[in-house]
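Heads up: the protein sequence lines correspond to chains A and B, in order. Counting in our numbering, the first sequence runs from 1 upward without gaps. Counting in our numbering, the second sequence runs from 1 upward without gaps.
Honestly, I wouldn't trust all of these hints.
Since the list gives no way to pick one copy over another, a pair counts as held whenever it fits inside one copy or between any two copies.
Stated by the list, open to error - Straight line, CA to CA, 25 Å or less: simulated DSS-like cross-link-like pairs of lysine-lysine:
(1) K74 - K88
(2) K74 - K108
(3) K22 - K74
(4) K22 - K108
(5) K108 - K88
(6) K22 - K88
No wet-lab data here; the hints were simulated from the structure.
Number of protein chains: 2
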Amino acid sequence: MTADRQNEKRACYAVIFSSVRKNEHHGYDETAAAMETLARTMPGYLGHEAARGSDGFGITVSYWESEDAIANWKRHADHLAAQQRGRKDWYSDYMVRVARVTRSYGMKRA
Amino acid sequence: MTADRQNEKRACYAVIFSSVRKNEHHGYDETAAAMETLARTMPGYLGHEAARGSDGFGITVSYWESEDAIANWKRHADHLAAQQRGRKDWYSDYMVRVARVTRSYGMKRA
Numbered sequence: 001m002t003a004d005r006q007n008e009k010r011a012c013y014a015v016i017f018s019s020v021r022k023n024e025h026h027g028y029d030e031t032a033a034a035m036e037t038l039a040r041t042m043p044g045y046l047g048h049e050a051a052r053g054s055d056g057f058g059i060t061v062s063y064w065e066s067e068d069a070i071a072n073w074k075r076h077a078d079h080l081a082a083q084q085r086g087r088k089d090w091y092s093d094y095m096v097r098v099a100r101v102t103r104s105y106g107m108k109r110a
Numbered sequence: 001m002t003a004d005r006q007n008e009k010r011a012c013y014a015v016i017f018s019s020v021r022k023n024e025h026h027g028y029d030e031t032a033a034a035m036e037t038l039a040r041t042m043p044g045y046l047g048h049e050a051a052r053g054s055d056g057f058g059i060t061v062s063y064w065e066s067e068d069a070i071a072n073w074k075r076h077a078d079h080l081a082a083q084q085r086g087r088k089d090w091y092s093d094y095m096v097r098v099a100r101v102t103r104s105y106g107m108k109r110a
């Protein structure tokens, strides 16, 4: 999954969420899918990308137009419930870093 | 793999490298290990974390004390050779984003 490419050149904010999954999976996939769908409807959402290895460690980076958009997403009621569930059931360890993207470049093959 | 935890509270810079691996693996593991070892010796290196899923999409985030430290790492001769090899052989698609971390928080269980 890759972030929306049209946003490459625009200054934006990134939320880097790294986490270690526990073996408890009940409800995780449904909630993750629901949060992805919900995030897309939030003002200022620009895209996201995610990877998780077989060791359970994963990184999700979401991109936003502003820090206000990030704060607004963080406090959405459904998202708050998902965060609480994540802390309780799904993650043994996580870290959130908010960062302002200052430049970006890359390569995409035809 | 998680970034060095003692750096959580310090403002720092992140390099978000997202990539899609091709099926060509020759030399990749050796070079990735060598680059990780080399990065640890670079001035201003704070830590890194990486995840790659079975679909070949991966995210590596490295953390640095300054943008100068990032520029210095980017132009290291061995790293330049690895970057060239990556573009030619290992990645079908990649994106680099440089970002200034403005805040971080998380949870680590005992």
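Hint numbers not upheld by this structure, sorted from lowest to highest: Violated hints: none at all, because every hint is consistent with the structure.
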